[in-house]
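Colleague: The opening residue of the sequence shown carries number 150 in this note's numbering; numbering runs sequentially from there.
It cannot be assumed that every hint is accurate.
[What the hints assert, rightly or not] Pairwise CB distance ranges, derived in the manner of DEER restraints: (1) F179 <-> S231: 19 to 25 angstroms; (2) P151 <-> D240: 14 to 20 angstroms; (3) N218 <-> D304: 38 to 44 angstroms; (4) G324 <-> L251: 18 to 24 angstroms; (5) K209 <-> T165: 25 to 31 angstroms; (6) N189 <-> V160: 18 to 24 angstroms; (7) N214 <-> S318: 27 to 33 angstroms; (8) I260 <-> K159: 27 to 33 angstroms; (9) P287 <-> P326: 19 to 25 angstroms; (10) T165 <-> I260: 17 to 23 angstroms; (11) S233 <-> Y307: 29 to 35 angstroms; (12) G324 <-> P151: 30 to 36 angstroms; (13) D304 <-> T165: 45 to 51 angstroms.
No lab work stands behind these hints: they were computed from the structure.
Note that CB positions come from ideal geometry on N, CA and C, so glycine has one too.
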Amino acid sequence: MPTSLKDAFKVWEEKTNANISEAKEVILSFQNPPIEKLDNSLSILVHCEKLSLSSNSIEKITGFNNLKNLKILSLSRNVIKSFSGLEPLGDTLEQLWISYNLIDKIKGVSIFKALKVLYMSNNLVKDWSEFQKLQEIPLLEDLVFLGNPLVEQLDEEYWRKEAARRLPSLKKLDGEPIIRE
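Whole structure, please, built from the sequences with the hints as guidance.
Modeller: Set out below in structure tokens:
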């Protein structure tokens, strides 16, 4: 039986001796058994600025409606297939860590008005037409994209040049500063 969010909250409160609804940082990574479903119980995290749900078995993103203060969200190492469900975070989210998932289409990212950092290595993005959609994120400056099929089929120098050309706002790519001529 998977761990529910409510159970994970209870364990977090016991471990930290704090009230989860007051917390600014909540780490629910590596639940055993893993969390499989997100739901509206996330709405109690009204003060949360940094939330980690990495290394679980989450498939669908949902339940983020009340998290108006969330700036950093880690969903790495799950089984997520799309950005769908992150819309409520569009105005506030500054960093999204979503590496090691099953994302092949970059759809709906224009909602991210404040996003500066996107770590989405080791997903399933295959072509430039999908990569190009990252242009819709106006403030994006730090991108990690290694491990996607698109990158793996290219020479590193060509990849860096072409990615920088297509995303003029980038300052850092795959952990390295971008040097523009």
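Colleague: Now, for every hint given, state plainly whether the structure supports it.
Modeller: Structure-based check of all given hints:
For the pair F179 and S231, the supplied restraint of 19 to 25 angstroms holds, since their beta-carbon distance comes to about 23 angstroms. For P151 and D240, the hinted distance range of 14 to 20 angstroms is not satisfied, since their beta carbons lie about 31 angstroms from each other. For the pair N218 and D304, the beta carbons lie near 42 angstroms from each other, so the given range of 38 to 44 angstroms is met. Distance hint check for G324 and L251: the Cβ-Cβ separation is about 23 angstroms, which falls inside the suggested range of 18 to 24 angstroms.
One distance hint, 25 to 31 angstroms for the beta-carbon pair K209 and T165, holds here, with the actual separation near 27 angstroms. A hinted range of 18 to 24 angstroms holds for the C-beta pair N189 and V160, which are about 19 angstroms apart. Checked against the hint of 27 to 33 angstroms, the C-beta distance between N214 and S318 comes to roughly 29 angstroms, which is consistent with it. In this structure the hint that I260 and K159 lie 27 to 33 angstroms apart at CB holds, the actual value being about 32 angstroms.
For P287 paired with P326, a C-beta distance near 20 angstroms keeps the hint of 19 to 25 angstroms intact. The beta-carbon spacing between T165 and I260, approximately 32 angstroms, falls outside the hinted interval of 17 to 23 angstroms. The hinted window of 29 to 35 angstroms between S233 and Y307 holds, with their beta carbons roughly 31 angstroms apart. In this structure the supplied range 30 to 36 angstroms holds for G324 paired with P151, their Cβ-Cβ distance being about 33 angstroms.
The hint said 45 to 51 angstroms for the Cβ distance between D304 and T165, and at roughly 47 angstroms that hint holds.
Violated hints, listed in ascending order, are 2, 10; each of the other numbered hints is respected by the structure.
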